[in-house]
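K.L.:
Whole structure, please, built from the sequences with the hints as guidance.
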Amino acid sequence: MEAGKLMSMKEAVAKHVRDGDTAYLSGFTHMIPFAAGHEIIRQRRKDLVLARATPDIIYDQMIAAGCARKIIFSYAGNPGVGSLRCFRRAHEKGVPAPLEIEEYTHFGLSGRLFAGATNMPFLPMRTNLGSDLPPMNPLMKTVVDPYTGDTTSVVPPLRPDVAVVHVQKADVNGNSHIWGIIGEQKDAAFAAKRVIFSAEEIVDESVIRSDPNRTLVPDFLVHAVVHEPWCSHPSYVQGYYDRDNEFYVEWDKITKEHEATLGYLEEWVFGVADRREYMEKLPAGTMERLKPTPALSVPVDYGSV
Amino acid sequence: MPDVSSTELMVIVAARELKDGESVLVGVGVPNLAANLAKRLHAPRLLMVYESGAVGSNPTRMPLSIGDPCLVSGAKSVCSMYEQFAYYLQGGRIDVGFLGGAQIDRYGNINSTVIGDYAKPKVRLPGSGGACDIASNVKRIIVITPHQKRRFVEKVDFLTSPGFVEGRERWKELKLQGGGPYAVITNLCTFKFDDRTGEMTVAALHEGVTMDQVRENTPWEVKVADDLQTTPPPTDEEVSALRALDPDGIYLR
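Chains A and B are the protein sequences, given in the same order. Just so we're aligned, residue 1 is where the first sequence starts under our numbering, counting upward by one. Just so we're aligned, residue 1 is where the second sequence starts under our numbering, counting upward by one.
If a hint is listed, it holds; no wrong ones were tucked in.
Below 35 Å or equal to it, Euclidean Cα-Cα: the simulated DSBU-like pairs (lysine-lysine) are:
#1 122/B x 46/A
#2 122/B x 141/A
#3 93/A x 149/B
#4 122/B x 253/A
#5 141/A x 139/B
#6 155/B x 70/A
#7 253/A x 155/B
#8 120/B x 193/A
#9 256/A x 149/B
#10 76/B x 169/A
Hint data in this document are derived by calculation from the structure and do not stem from the laboratory.
P.N.:
See below:
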């Protein structure tokens, strides 16, 4: 094991997330790294450029806390519920601070990460033409397809300073197994300069090596490994816990006023030291309520020669 | 005819537009209900695909979002977000896409980005998500929307997802690989799009609805198909199958 990769979230954020960074906390509804977001708020990072196709409640919290100066996104909503009120308050009214936006389609932004991960000069795609999005974003350009002569939409690579990825299982070096909706986790890890992985479980390397097809990101890309059970609450982790939908609905009410939002942050982010304290503070029975029924996959035989 | 709500009626009419064996890119809520209803009635081989990367889902509950774990357990495949848009959507493998939005114009252009000015919004909406990508690549776009004057507009404040843009001629110049808008289903009628101009045209009025009601709720001079139809009323089978899908009335109420 490389010395010092396994650390607490506090250490990982202190070491790898800097003021002014472009940060990509990955996840498409699934495995949203709430614990990392809360730690970034507690350490009062500022001037961050927050990138994610689907900024949801955690970005809303980071915006309300004053961590962000800009957001790069393609769908800014509370998934299945409605608006992100803190995002809107910042963008529409400049509260608590003005928020610059840089906007794409889902294909555009996931394509930017893919281009960043694979070191492409730019990525052509069959979308954007005819939409009002390109005129609002100078980074969305067109080229002439050298083969057909057609006008083609292109997006530039995105290379975040830091990516945060939560997974089900990782070994101490960051080899990790991830399943369920895998969103843009792999692309974010390959595209970013610094990569923090957190995991529900830390397992022996032999567990990872028993099923290498399930490893989307191998250890040499990973700079920090954090053992963080329940990292994603109120989001979910496939096979570990379900989404706490009541909170998603509640967030819509909490954030109607900026003051009440700050009150939430005071109590649930600044008022706890870490994720373990946050979980202990939740109403009794929360964890049991969110436990899914097991649905095991059939093991595969890799053979040995 | 069974007594149905306007949402139930729209879902039933939308489900009828889906054919067995087709692939459909589904959103949460009403489109999810329409796809599931079609699958239980006339389209058992309907392939449901979600922009979160789930393919061939078999949800055991009403998904809370398009990234719900119930879309994964028991699915045929799950891929990354980039793969979903590149392999499935841009790959030309999706027949039908459902879209919604705050505003729609006569050419089926949709706004889901902003009310008011982009830089100084009156109301900032969530944005495209996959909508513009879906609009540009599926063979048929279906829109389900309440028929209200604030939604049907002369000109969308922001064109998020292209319909026929300024008409079929302009649309052809863009060389989008998709087939463009196909149907707009409201609580009053079903619009289809004129083969020549690309303009929204009333194809069928729902039972008991008059053209006057449609005109009152549409700000432009609405075109009507030569062979204007009356929507066949929902059957008992359709209504009971639909209500079984949403027993708590989360979306149908």
